[in-house]
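Number of protein chains: 2
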Amino acid sequence: MNMTLPAEFSLIARHFKPLAAPGSLGLTDDAALLTPPQGRELVLAADAMVAGVHFLPDDPPETIGRKLLRTNLSDLAAMGATPLAYLLTVGLPRGTPDAWIAAFAAGLAEDQREFGLGVLGGDTVSTPGPVHLSLTILGHLAPGTALRRNGARPGDELWVSGSIGDGYLGLAVLQHRLPMDGFLADRYRLPQPRLALGQALVGLAHAAMDVSDGLLQDLGHLCRASGCAARIEAAAVPLSPPAAALVAADPALRQKLITGGDDYELLFAAPPGAAPEIEARARAAGVAVTRIGRFGAGEAQVSVIDDSGAALPPGQGGWSHF
Amino acid sequence: MNMTLPAEFSLIARHFKPLAAPGSLGLTDDAALLTPPQGRELVLAADAMVAGVHFLPDDPPETIGRKLLRTNLSDLAAMGATPLAYLLTVGLPRGTPDAWIAAFAAGLAEDQREFGLGVLGGDTVSTPGPVHLSLTILGHLAPGTALRRNGARPGDELWVSGSIGDGYLGLAVLQHRLPMDGFLADRYRLPQPRLALGQALVGLAHAAMDVSDGLLQDLGHLCRASGCAARIEAAAVPLSPPAAALVAADPALRQKLITGGDDYELLFAAPPGAAPEIEARARAAGVAVTRIGRFGAGEAQVSVIDDSGAALPPGQGGWSHF
Chain F
15 MNMTLPAEFS LIARHFKPLA APGSLGLTDD AALLTPPQGR ELVLAADAMV AGVHFLPDDP
75 PETIGRKLLR TNLSDLAAMG ATPLAYLLTV GLPRGTPDAW IAAFAAGLAE DQREFGLGVL
135 GGDTVSTPGP VHLSLTILGH LAPGTALRRN GARPGDELWV SGSIGDGYLG LAVLQHRLPM
195 DGFLADRYRL PQPRLALGQA LVGLAHAAMD VSDGLLQDLG HLCRASGCAA RIEAAAVPLS
255 PPAAALVAAD PALRQKLITG GDDYELLFAA PPGAAPEIEA RARAAGVAVT RIGRFGAGEA
315 QVSVIDDSGA ALPPGQGGWS HF
Chain Y
15 MNMTLPAEFS LIARHFKPLA APGSLGLTDD AALLTPPQGR ELVLAADAMV AGVHFLPDDP
75 PETIGRKLLR TNLSDLAAMG ATPLAYLLTV GLPRGTPDAW IAAFAAGLAE DQREFGLGVL
135 GGDTVSTPGP VHLSLTILGH LAPGTALRRN GARPGDELWV SGSIGDGYLG LAVLQHRLPM
195 DGFLADRYRL PQPRLALGQA LVGLAHAAMD VSDGLLQDLG HLCRASGCAA RIEAAAVPLS
255 PPAAALVAAD PALRQKLITG GDDYELLFAA PPGAAPEIEA RARAAGVAVT RIGRFGAGEA
315 QVSVIDDSGA ALPPGQGGWS HF
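Protein sequence lines, in the order shown, are assigned to chains F and Y.
Start counting the first sequence at 15; every next residue gets the next number (my numbering).
Start counting the second sequence at 15; every next residue gets the next number (my numbering).
Think of the hints as simulated: they come from the structure by calculation, not from any bench.
Hints may contain errors.
The list makes no distinction among identical chains, and a pair is therefore deemed to hold if it is satisfied within one copy or across any two copies.
Below, simulated SDA-like cross-link-like pairs (lysine to any residue); rule was C-alpha separation at most 25 Å, straight line [as the list claims (entries may be wrong)]:
| no. | residue 1 | residue 2 |
| --- | --- | --- |
| 1 | Lys270 | Asp195 |
| 2 | Lys31 | Ala123 |
| 3 | Lys270 | Gly121 |
| 4 | Lys270 | His154 |
Same shape as in the complex, but just chain F (with noise of 0.2 Å):
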């Protein structure tokens, strides 16, 4: 780890040194050493957050390197791998407390716990900037495994994973134009990254990816890697109970929930025939799995269709052509 901040950072060094991987030589020499798990492929995968893009700047910094490394894990998840470890550098601004450098590796430490790896290095710097936090991972699975995005086919069935919406939710409640939530809030701060899933669908489903920037936006992307069209029906779209009460008294919002952000459940596409097996395998992974709708032949466009089999009108999502 490099530390190139002025002494009074050199805190950094004792609040990152508690979580330091094997091979990680304690953070203290120019790089980590890795042996690969043998007969393995390796997945990588690297993001970047910044304070009042991608989080709130009044987040709780318990939150905020659990929320990066997340969503990082929810890149293994889609591919169906395992987690290894990863490195991070985190830009400060000068004068950060204590206190916050604490908690945040505090968070860092219960997640590195709950998803058992740990971190090989990185670095931190001094930003005159917001916070910025760059993080990338390595996980691992059996060479040739990995569910991709464009192995969909016209026939498929189309799932989902958890519920949609609660994010755009979350984030809508945590800045106080909606009422408190603590569910919703949760949701938002600390996406749950569908590992077990994940990989119980290699081999079953034939593609999959991570649903970061709205249902119908990745559906979207999904769709032209396989060269295939799609149809969600929008009933089917599983929601939470916070997330279905705010659409009973608002039946607009649905088209914000599937258009939202933040979600990190699982998109997938499977064969009809897959669906026991999927359903065994999701009960066994402790994980709900919904299917929303079908992939059809044709160019890469997605259409939602409503309780009444009519196709809805492209929002402002812009869900017909991507």
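Put chain Y on the given structure of chain F with help from the hints.
What follows is chain Y alone, placed relative to chain F:
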């Protein structure tokens, strides 16, 4: 590559796709796949750079990405590793001109060709702060052969590659505190990672690291990791011709050159008997190496000896205790 920016930024994808390594899946999936080189240990490092902190906001965009890539390559060089691939996250202010991004990517493409690696994945985000880059590099080496910081022993000779202080002077040139000098400016903007030398030192050097924060400070880290003392002969520290000319005019400058930073040369420890072999291998690697002192028993302490053999007083760099 996860694009969380508005549509105007999708141009970034165009600029970065040509940089994609095999296994990056064209930067279209949630993560990249990498088959680790068989029977090799992986070496990983991450560094961040912020405009106005680690580079000058008006540095040419062609050199900014290359500097970050090269500082990470220098970390690989210090361990004796061979480059494999990298992941990059880029935070850009809204309204960053297309031409800036194109030039930034073109610089990276040039270094990818020079150093033989490609980008596996990453993220591009918008920031209200200055340009903020984070890069994670992967390299590989034979298991158990990594050069570490903790192997120096009393009696070992202290070596350094290339010349010291050019980065420090290059920054002064670019800040108009010294007359323009293209060589020095280049040494600040485009460090030369000593990859061939690092690989050639495996099995020969007892310890190595790269000099990023200043020769004295970094030697202090090496002494602390190795549990021994070191003594530098100030006059032996190799200077480039422009640096030597400046020191001839202002002898007090020598101390600043050995406490300045941004050298990205290799500092290493080797037994006296290894000197002929080190010189032969360095010649083969096309890099000058110079013996500048010796390690001794005792607590981790660095002393600097002048021409007459007298110890220089500890200066601003604080070189007696680390």
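To see whether the hints hold, each was checked on the structure:
Taking CA atoms no more than 25 Å apart as the test, lysine 270 paired with aspartate 195 passes inside one copy only; the shortest distance there is 18 Å, against 58 Å between copies. When the C-alpha separation of lysine 31 and alanine 123 is checked against a cutoff of 25 Å, the pair qualifies only within one copy, where the shortest distance is 11 Å, while the shortest distance between copies is 35 Å. For the homomeric pair lysine 270 and glycine 121, neither the shortest alpha-carbon distance inside one copy (31 Å) nor that between copies (41 Å) is at most 25 Å. In the homo-oligomer, the alpha carbons of lysine 270 and histidine 154 never lie at most 25 Å apart, since the shortest distance is 35 Å inside one protomer and 47 Å across protomers.
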